[in-house]
Amino acid sequence: MAAVTSRGQRFGRPVAILAILAVTLIFLSPILWIGATAFKPRAVATSVPPTVFFEPEVTPFVKLLTKRVQLKQPVAPEVYEAAPWWEKLVYDGGERVLKVGDEPQLSQYPNRFLNSLIVSIVSTVLAVSMGTITAYGFSRFKIKGEQDLLFFILSTRMLPPVVVAIPMFLMYRQFDLTDSHVGLIILYTAFNLSFSVWLMKGFIDEIPKEYEEAALVDGYTRMQAFFKIVLPEAATGIAATAVFCFITAWNEYAFALIMTNRRAQTAPPFIPSQIGSGLPEWTVIAAGTVLFLLPVAIFTFLLRNHLLRGVTFGAIRK
Amino acid sequence: MARIELQNITKTFGHHTALADLNLDVADGEFFVLLGPTGAGKTTTLRLIAGLEKPTAGNIRINGIDVNDWGPAERDTALVLQQYSLYPRLTVRENLAFPLKAKIRNTPPAEVEKRIDYAARTLRIGHLLDRKTDRLSGGEMQRVSIGRAIVREPQVFLMDEPLSNLDAKLREAMRSELKDLQRRLGATFIFVTHDQVEAMTMGDRMAVLNNGRIIQVGRPHEVYNNPRDTFVASFVGSPAINLLNGHLAANRAVVKPQSFELPISGAPASDGPMTFGVRPEDIQLASGAPVEARIHDIENHGIEKIVTLRVGSDLLRAAVPARLEVKVEDPVRFGWDPEKVMLFDAQTGLNLRHKAA
Chain A
1 MAAVTSRGQR
11 FGRPVAILAI
21 LAVTLIFLSP
31 ILWIGATAFK
41 PRAVATSVPP
51 TVFFEPEVTP
61 FVKLLTKRVQ
71 LKQPVAPEVY
81 EAAPWWEKLV
91 YDGGERVLKV
101 GDEPQLSQYP
111 NRFLNSLIVS
121 IVSTVLAVSM
131 GTITAYGFSR
141 FKIKGEQDLL
151 FFILSTRMLP
161 PVVVAIPMFL
171 MYRQFDLTDS
181 HVGLIILYTA
191 FNLSFSVWLM
201 KGFIDEIPKE
211 YEEAALVDGY
221 TRMQAFFKIV
231 LPEAATGIAA
241 TAVFCFITAW
251 NEYAFALIMT
261 NRRAQTAPPF
271 IPSQIGSGLP
281 EWTVIAAGTV
291 LFLLPVAIFT
301 FLLRNHLLRG
311 VTFGAIRK
Chain B
319 MARIELQNIT
329 KTFGHHTALA
339 DLNLDVADGE
349 FFVLLGPTGA
359 GKTTTLRLIA
369 GLEKPTAGNI
379 RINGIDVNDW
389 GPAERDTALV
399 LQQYSLYPRL
409 TVRENLAFPL
419 KAKIRNTPPA
429 EVEKRIDYAA
439 RTLRIGHLLD
449 RKTDRLSGGE
459 MQRVSIGRAI
469 VREPQVFLMD
479 EPLSNLDAKL
489 REAMRSELKD
499 LQRRLGATFI
509 FVTHDQVEAM
519 TMGDRMAVLN
529 NGRIIQVGRP
539 HEVYNNPRDT
549 FVASFVGSPA
559 INLLNGHLAA
569 NRAVVKPQSF
579 ELPISGAPAS
589 DGPMTFGVRP
599 EDIQLASGAP
609 VEARIHDIEN
619 HGIEKIVTLR
629 VGSDLLRAAV
639 PARLEVKVED
649 PVRFGWDPEK
659 VMLFDAQTGL
669 NLRHKAA
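If you read the sequences in order, they're chains A and B. Residues in the first sequence are numbered from 1 upward in steps of one, following the working numbering. Residues in the second sequence are numbered from 319 upward in steps of one, following the working numbering.
For reference, chain A alone in the conformation it holds in the complex (with noise of 0.2 angstroms):
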């Protein structure tokens, strides 16, 4: 094909790149100092004017990760010099890491973490999975009231999950669900479900159904022409409803704070919860926000291709 290029493409294009650039550096900005600030000594993370260049160090990652108190004096040099590389960070901070025996203490983060990651993961694949089986059915039988029941399952996404959240505490504490991993999984692949379902089944619908009625002709039974035929033909639409279910379930604030305090409190409101007593520490916050981001980032790269695929799906034929 010869490339066409009018007066306006060769103006514009460079004008359109720089755009994007301003745009992008605009959306990337709160990254990028949150980014910036988990790097930072403590004294510079809050001063005044902004510092932009800074000798970047992991002593927040270090604090993150510990349980630590203050020195109430100063450390012995010859405890100092054995210390490893880590502990050394702490102290020159004017705090000594927990220890029990020679154990140092795990602060609290990994844990809420490893909360996070759990309860996102399960309600992720019960919702895309449940989302996948539901969308076929409502795809490919004839479902009396079929219309009615797609718009009910719709409906429970119009109000802001919030407006239910006190009703739902009540519920969940006569039931002993609060803070526990079982009761944010079921709260969150509730929320995603009729999500998944709709996306799912706009994938579902586009898979011509006559490769499983052949199929089913060739010898199959209708769900080995499920798992065979449609799961591999959908793959790219349960990437898409996969990424989108995780980063809601991980992002989720509002009923993690409600529901949990301590044992599956996940992530998102403990990192705030620092805050609280004392001079908040900005570096250490940055930094668990820091690490709380990787996540959704790593996932959300691996489907990437999927997922361009997934959001501008409808608009490409096959």
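One or more of the hints may lead you astray.
[Unchecked claim] Pairs of lysine to aspartate or glutamate residues, derived as DMTMM-like cross-links and limited to a Cα-Cα distance of at most 25 angstroms, are as follows: (1) A:Lys209 to A:Glu281; (2) A:Lys228 to B:Glu429; (3) B:Lys372 to A:Glu103; (4) B:Lys645 to B:Asp663; (5) A:Lys228 to B:Glu412; (6) B:Lys450 to A:Glu210; (7) A:Lys142 to B:Glu371; (8) A:Lys228 to B:Asp452; (9) A:Lys209 to B:Asp387; (10) A:Lys142 to B:Glu471; (11) A:Lys228 to B:Glu371; (12) B:Lys372 to A:Asp102; (13) B:Lys419 to B:Asp387; (14) A:Lys209 to B:Glu479; (15) B:Lys450 to A:Glu233; (16) B:Lys450 to A:Glu206; (17) A:Lys228 to B:Glu617; (18) A:Lys144 to B:Glu471; (19) B:Lys372 to B:Glu412.
[To be verified] Computed Cβ-Cβ distance ranges for the label pairs, DEER-style: (20) A:Pro208 to B:Asp663: 37 to 47 angstroms; (21) A:Lys99 to B:Lys421: 27 to 37 angstroms; (22) B:Glu471 to A:Pro232: 21 to 31 angstroms; (23) A:Pro208 to B:Ala604: 49 to 59 angstroms; (24) B:Lys372 to A:Gln147: 20 to 30 angstroms.
I should point out that these hints are in silico values taken from the structure, not numbers from a laboratory. As the structure is a computational prediction, the values presented were derived from the model and not from experiment. Note that beta-carbon positions come from the ideal geometry of N, C-alpha and C, so glycine has one too.
Let chain A serve as the given structure and place chain B on it in line with the hints.
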């Protein structure tokens, strides 16, 4: 191989009746064509035989056994569709092996290889075996699709417009290939098409469907020469039959509105209004012929010319030898073969001389 019987089949979708009281008996080893326009119920008939739909009423029998309660897998039919017929993401070889790997068949690997090899040789697709299906041309896809049916060695081959998506040249080649294949396999084929040429050239017998009913069943030449009504007469044959309104008067056809009169042999004693049907090849142009007309249009088909004649307000199409030199608006004279003219009831459209085959 199998004999397929449909007995009093009715199929409704909601308020829509797709098939009404359909009866069909396809003999073992027959190439049977279901012909009809879109929405006639051809595909529904095929899906009922395959077991993808359940009839609202009536029985389906394969080899004399009632299969109404059988699922598609148990019926052992092979289905070839117009499109989307190959499994995506699989290679040609995997596509061919797919039906054999179903649990109910559980074919040993050596046998799978043997059958794939046989199908590949039969359809000349050996060089394609390791290709992904999206790298195939339309004709290759349909070959593989047919191959996937062959490896099954099914009771019956069901084909739903398998040639419709192919270009004209390939379609022509595939027509004779399919017919040849059916003869070699000795299998029962049920072939759905809306293309009357496919029906005429391939079918041992054919059924013409319209609005969920079978209008006529018979050998292609019977249906062509002795159509049951004006629908069949005009659906089968290309260029289409000439249908002219008029009435009979003493063994002569009077074509309205008083345009011309021509003889008819063996006309029934009836003088009511009727429709005359005459095939283009039964109209002859000759200088001494009884009726005068003007040339309205000429289509040169190479082996013959189709000329449209204008008589008053009536237009007639006639097939004439290609070497005949005519120009638009030339005056010509024509007549017809009185033996070949068909008489249809003007109200019902039924052929008044139709003999039940």
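Here is what the structure says about each hint:
no.	hint	verdict
1	A:Lys209 to A:Glu281	violated (58 angstroms)
2	A:Lys228 to B:Glu429	holds (22 angstroms)
3	B:Lys372 to A:Glu103	violated (70 angstroms)
4	B:Lys645 to B:Asp663	violated (35 angstroms)
5	A:Lys228 to B:Glu412	holds (12 angstroms)
6	B:Lys450 to A:Glu210	holds (18 angstroms)
7	A:Lys142 to B:Glu371	holds (13 angstroms)
8	A:Lys228 to B:Asp452	holds (18 angstroms)
9	A:Lys209 to B:Asp387	holds (22 angstroms)
10	A:Lys142 to B:Glu471	violated (33 angstroms)
11	A:Lys228 to B:Glu371	holds (22 angstroms)
12	B:Lys372 to A:Asp102	violated (74 angstroms)
13	B:Lys419 to B:Asp387	holds (24 angstroms)
14	A:Lys209 to B:Glu479	holds (17 angstroms)
15	B:Lys450 to A:Glu233	holds (15 angstroms)
16	B:Lys450 to A:Glu206	holds (21 angstroms)
17	A:Lys228 to B:Glu617	violated (52 angstroms)
18	A:Lys144 to B:Glu471	violated (39 angstroms)
19	B:Lys372 to B:Glu412	violated (30 angstroms)
20	A:Pro208 to B:Asp663: 37 to 47 angstroms	holds (44 angstroms)
21	A:Lys99 to B:Lys421: 27 to 37 angstroms	violated (60 angstroms)
22	B:Glu471 to A:Pro232: 21 to 31 angstroms	holds (27 angstroms)
23	A:Pro208 to B:Ala604: 49 to 59 angstroms	holds (56 angstroms)
24	B:Lys372 to A:Gln147: 20 to 30 angstroms	holds (24 angstroms)
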